[in-house]
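*Asks:* The residues making up each chain are set out below.
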Amino acid sequence: MAIFDALIFLAAASMVSASLLGAVAPSRPSADAEVQRFVERAHSVFLRTTLRPSEVTSLGLDIGNNKTLTVFEIVVSGLIMAEETDSPNQRDYMSGCLSAVLDGLLMPGFNYAWKAEHNSTILSISSLPIPRDQPNGSTYASTVTSKMPMHEGDVVLTLNVWRILE
Amino acid sequence: MKSVQSSQGLSIIQNELRSSSAPGADVRTLKNDEFKRPRSVDGVGGFFDSFIVMIVVTLGIVLVTSALSITNGELSKNNRAKSLDDACQDLLDQILANQDLFIEDGLLDFTMIKTVSSSSFSVERNVLGYRIMLTEVHPNTGPFTLVANGSIPVSLGELHTARVPVNVQHSTADVRAALISVWVW
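Those sequence lines, one after another, are chains A and B.
Be aware that the first sequence starts at 1, since it is given in my numbering, and climbs by one per residue.
Be aware that the second sequence starts at 1, since it is given in my numbering, and climbs by one per residue.
So here's chain A without its partners, still in its complex pose (with noise of 0.2 Å):
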């Protein structure tokens, strides 16, 4: 009868042990917003980051000499170029350059995917598609819309990140 009182005893022991354990791990509700606002704020300064002359020059933009481009003008610009004369190796070149500001600018330990969306044109680079199996709330997403600048419609842009699943 004794020992069966001592495994009770343990029983209950362990429960309490594992309670008080659990109640100081490791809990971050905070992380999300906090990700969430840095995507915002990283969209944000992406768009108005300026490009150098020498690359706006190589996208083949019209802007006169020693001149820069935001990167939404830029992008903008390749949507209307895109529209007009879809010219692959000029894409892959703005993507380069674009890509180049996002990888420095987010955070390690993450993937993204961006894309300009006009119409039904659509411009986008990524480091990584955004995988199938991702859990549920685990993507971050910042979407800035504006009117298109000397033509009708509005232009979507869309930040995608995404945490990189060990």
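Some clues are possibly wrong.
Stretch-level coverage of chain A by chain B, calculated; a stretch enters the list once three of its residues show a Cβ under 8 Å from a Cβ in chain B [unchecked claim]:
{"no.": "1", "stretch": "8-14"}
{"no.": "2", "stretch": "32-44"}
{"no.": "3", "stretch": "104-111"}
If you're looking for bench data, these hints aren't it; they were derived computationally from the structure.
Glycine is no exception: its CB is placed at the ideal position from the N, C-alpha and C atoms.
With chain A's structure known, arrange chain B on it following the hints.
*Replies:* Okay, now just chain B, sitting in the frame of chain A:
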């Protein structure tokens, strides 16, 4: 004659009784009694039963004590980590709220960053030191230290960091993407 015979018979019986109460016979009788005695249902367990119970109870006590000790340690560590995280965020908020540094929200004026000094910031008492860095996303520039308050200790316990993306305006035609990083220890 009869009385003589009966007295002899009595002495024989007494002798037999004496011989039956010899030490060896007595022990044998006691042992037999013990074997015959029924075991009690509520009887006290033996030494080994108590020993196992003692081990189980000791295990339970050790378990609870260890959990209490770990909980206490983790709580104090979490409190320290949280206060350093808060200090990081507080420093970032102080930078972003500095109207002299920013042309507009999130657009840092590069010509003004040399005016930043440690006197511009206030930190909590438990912060041993901090460092504020500016890292531009540009191939020709490396990290730039805005403020260094205290040196990073060699035997570092915990180093907390927070970052915020900003634009740095070198000129109207040169706006770069950058990260302001705060390290606190």
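*Asks:* Within the stretch 8-14 of chain A, is the number of residues with a Cβ closer than 8 Å to a Cβ of chain B three or more?
*Replies:* holds (count 5)
*Asks:* At least three residues with a C-beta closer than 8 Å to a C-beta of chain B: is that true for the stretch 32-44 of chain A?
*Replies:* holds (count 4)
*Asks:* Do at least three Cβ atoms from the stretch 104-111 of chain A come closer than 8 Å to Cβ atoms of chain B?
*Replies:* holds (count 3)
The structure is consistent with each of the numbered hints, conforming to all of them.
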